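Participant: The lines below spell out each chain.
Number of protein chains: 2
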Amino acid sequence: MRLTAVIMAGGVGERFWPKSRQSCPKQFLSLTSDGETMIQKTVKRLAPLVSQKDIYIITNEHYLSLVHEQLPDLPPENVIAEPCPRNTAPAIGLAASLIQKKYQDAVMFFLPSDHLIHHEKNYIDTLRKASQAALQDKNLITLGITPTYPETGYGYIKYQQNGAQDGVYPVECFVEKPDLQTAESYLKSGNYLWNSGMFIWKASSILHSIKKYMPELYQGLQIIADAYGTEEFHSVLNQKFPELPSESIDFGVMEKANHIFTIPGDFGWDDVGSWLALERINQTDENQNMLDGDILTIDSHNCTVAGNGRMIAMLGVQDLVIVDTDDALLICNKNQTQDIKKILAELKAEHKSELL
Amino acid sequence: MRLTAVIMAGGVGERFWPKSRQSCPKQFLSLTSDGETMIQKTVKRLAPLVSQKDIYIITNEHYLSLVHEQLPDLPPENVIAEPCPRNTAPAIGLAASLIQKKYQDAVMFFLPSDHLIHHEKNYIDTLRKASQAALQDKNLITLGITPTYPETGYGYIKYQQNGAQDGVYPVECFVEKPDLQTAESYLKSGNYLWNSGMFIWKASSILHSIKKYMPELYQGLQIIADAYGTEEFHSVLNQKFPELPSESIDFGVMEKANHIFTIPGDFGWDDVGSWLALERINQTDENQNMLDGDILTIDSHNCTVAGNGRMIAMLGVQDLVIVDTDDALLICNKNQTQDIKKILAELKAEHKSELL
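Line order of the protein sequences matches chains A and B.
Take 0 as the starting number for the first sequence in numbering that gives the first Met the number 0 and just add one per residue.
Take 0 as the starting number for the second sequence in numbering that gives the first Met the number 0 and just add one per residue.
One thing to keep in mind: the hints can contain errors.
[What the hints assert, rightly or not] Under the rule of at most 25 Å between Cα atoms (straight-line distance), these lysine to aspartate or glutamate pairs were calculated in the DMTMM-like manner: (1) A:K18 <-> B:D298; (2) B:K18 <-> B:E231; (3) A:K18 <-> B:E285; (4) A:K341 <-> A:E278; (5) A:K340 <-> B:D318; (6) A:K341 <-> B:E171; (7) A:K176 <-> A:E13; (8) A:K340 <-> B:E353; (9) B:K333 <-> A:D318; (10) A:K239 <-> A:D225.
The hints are simulated quantities; they were obtained by calculation from the structure and are not laboratory data.
Because the structure is a prediction, the values reported are computed rather than measured.
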């Protein structure tokens, strides 16, 4: 069966401010030394499995030109702009409906656009295995990540280790972000995986479940899919999509459906969730500084610095995140990167929308 | 007798990098919220005592255009460029020789260009009193500053409290920068003043002492002064000045001469010796931050920030000095501002002269 990929690229990540802006969020930034943006990497690493003509991007109108610019080889009609954000269920359902209309059926890899994968061969092998398991009718596969520490910022997947078939495990349940103690018990038990937000299924399988658990969404999607390929498509999409229920695929389908399976992934996944990720994914110097740019350090250690052409001199400082851009500079304690949203709230309150 | 002022503006201060550069040192910067540069303030505060036509600036060739630009009302011929730095004795001697040639004799206020004075009326009153004391033949007056804490970065003046005449005290001796224990004992004794580097004397008095204690300098100065007012002046200056002995007036004259007096000054003197001075001379917010520019702080305190147009967002940081310029950014621990010279040494080693 045909293999397709649907990449979600509509997010307006705030955690990489001031490099990420509403006009250019994380997936369109390069956060690695090779200069490739996150979404370019996401498409590129699929090459052994999916041809570019079968890769779809779900984004929003504001990012259409960024997508076309950064992915010039993708068929333009494969880039679909949501008229408004409606969480993951409508986006997934829309992609599945359009792919069903075009190909009758196909396997879909549903993937975020802003994660990093260190071991790409393992990743492709895992996706291939998942695509096999997805051929079974109604099967919904989610990739789990074998946890390496008690992270409290992710949801977890509880899976049944004794029910494995060819490395594919039945999912017992999904659990919300835990507190540290709970996360430690998850890690210890060995029955929990991080929920990576990567899904594999046939279009027919996910649409079957959407029809069953989210009938209102299903009906709306049918109307939009009917217009696909006609001149009315965009006006129908723009009219109907905003009326779809806003819901995550996790809550709307995965937590309710049967036939849910997971594959524990071990391919160096990194969701690059904050500036702190940069010291994981890039080289640090002998003082544990991650320095990108023209940076001079004296008596300074454990800092993460993203420069912007201009020279940055650091003297006697530690545990800082420093991010330089043309119109804004961030100097942040490493323990408070989660509070960058407070800066954005403040800028919003001061009507400094040009800096958001 | 005519009152004149000679302002020293040839220094290449490094402690205000990256705002101060070799091309624009501290005396030409504005470090206060009123936008006036240090040298502009120095000239302006003399207005009640000395007219601009009697104010002379000793600088070097590189800063001639900065002086003319910032002090457009000063007679251009009053701005004298040293061909090379030769410490204070030749500069003072040169100014005294030229003033003697022009006016026969005059009282000279010899002043640094990069200090701040908070109580200008007290300052002018003190200078006026000093100018009276300077009328007595051979008298050399130095302004001392009543110390308020045991500073180890200044030299001290030991004076005889029981020999006062109209608030003018005989100087017993000059002492070098003390260690903390010694500085504490000076403070306690009440017989010591900070050496501010401000001198008052008649041109004839200082030349008399230079002739006596630095005869080689005196002879060289005579040759230059003879050419003053002729077409040859600049070529004579450029040829002879570099041959003069490089010496401070303190070591060359003040520590040897008799007739040395001091007036304890109490006029809110600040030598603005490092970025830390900014929080003394400017307002701080409720979190002890001195913020100059478009600065947003969250959970941040005790920082000194000199912005440069661009927005600076600070989150969870403390005890930092942050200085933004077009081509260089400094982020420095408050306890290490004395090490800024290490940055400059590094830049020099890397041949980044454009940043010096």
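Participant: Sort out which numbered hints this structure fails and list those numbers smallest first.
Facilitator: 2, 3, 6 and 8
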